Amino acid sequence: GEQVEQRPPHLSVREGDSAIIICTYTDSATAYFSWYKQEAGAGLQLLMSVLSNVDRKEEQGLTVLLNKKDKRLSLNLTAAHPGDSAVYFCAVRSSGSWQLIFGSGTQLTVMP
Amino acid sequence: EAAVTQSPRNKVTVTGGNVTLSCRQTNSHNYMYWYRQDTGHGLRLIHYSYGAGNLQIGDVPDGYKATRTTQEDFFLLLELASPSQTSLYFCASSEARSYEQYFGPGTRLTVL
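Each protein sequence line maps, in turn, to chains A and B. The opening residue of the first sequence carries number 2 in my numbering; numbering runs sequentially from there. The opening residue of the second sequence carries number -12 in my numbering; numbering runs sequentially from there.
By construction, these hints were calculated from the structure, which means they are not laboratory data. Please read all numbers here as calculations on a predicted model, not as lab measurements.
Here are some chain A residues pointing at chain B (derived, C-beta under 7 angstroms):
{"no.": "1", "residue": "Tyr33"}
{"no.": "2", "residue": "Ala43"}
{"no.": "3", "residue": "Gly44"}
{"no.": "4", "residue": "Leu45"}
{"no.": "5", "residue": "Leu47"}
{"no.": "6", "residue": "Phe103"}
{"no.": "7", "residue": "Ser105"}
{"no.": "8", "residue": "Gly106"}
Here are the computed distance ranges between Cβ atoms for each label pair:
{"no.": "9", "chain 1": "B", "residue 1": "Thr0", "chain 2": "A", "residue 2": "Gly2", "range": "29 to 35 angstroms"}
{"no.": "10", "chain 1": "B", "residue 1": "Val(-1)", "chain 2": "A", "residue 2": "Lys72", "range": "37 to 43 angstroms"}
{"no.": "11", "chain 1": "A", "residue 1": "His82", "chain 2": "B", "residue 2": "Glu87", "range": "23 to 29 angstroms"}
As a list, the in silico DSBU-like pairs of lysine-lysine whose alpha-carbon atoms are at most 35 angstroms apart:
{"no.": "12", "chain 1": "A", "residue 1": "Lys70", "chain 2": "A", "residue 2": "Lys58"}
{"no.": "13", "chain 1": "A", "residue 1": "Lys72", "chain 2": "A", "residue 2": "Lys58"}
{"no.": "14", "chain 1": "B", "residue 1": "Lys(-2)", "chain 2": "A", "residue 2": "Lys38"}
{"no.": "15", "chain 1": "A", "residue 1": "Lys38", "chain 2": "B", "residue 2": "Lys52"}
{"no.": "16", "chain 1": "A", "residue 1": "Lys69", "chain 2": "A", "residue 2": "Lys38"}
{"no.": "17", "chain 1": "B", "residue 1": "Lys(-2)", "chain 2": "B", "residue 2": "Lys52"}
The C-beta atom is built at its ideal place from N, Cα and C for all residues, glycine as well.
Model the full assembly from the supplied sequences, consistent with the hints where possible.
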């Protein structure tokens, strides 16, 4: 079945710097790609999602890149600020399945 | 916006204890899910349901039972809790098999 690897597990950046989180997946039939944010003491909230026919999506300082050839999904936070400090998860779904498969999470810390 | 609540938020029990975790969603979603979150593993699906009275097995069901009493309420039962079940538990809901899932705030369970 689908396997997702996420890296790095921990990421620390300065305010204003960019932060990049990467997930790799194994199933070439993966059709849906998403990123969730988990703030301390809270549940996960959907940040952005793309379908397999999209290579790049930008929204409010976030960029999602999808490289289907390398089976790699990335989330780029440009100009990170302390409020971005949280745990980020990728989650993917194959075209033949309804189930979301989650990465192991990245703890992002943005220092003032 | 979907509202998913969980209770209790924190629970401590002893090995062999009986624990019930509760989840309620108020957005008339058909699907509800129970996940556990452990460091290095991301979120793993325990059980899910697509309606009152329905129950489906997830990826890590051993040691867990679940019951969906109404469209709104989904319970996770640990009848003989073990230390390996110490974890952060999340409930989520979605419309049918929609891509986006809405998460509750989580229940931290400690089994001594």
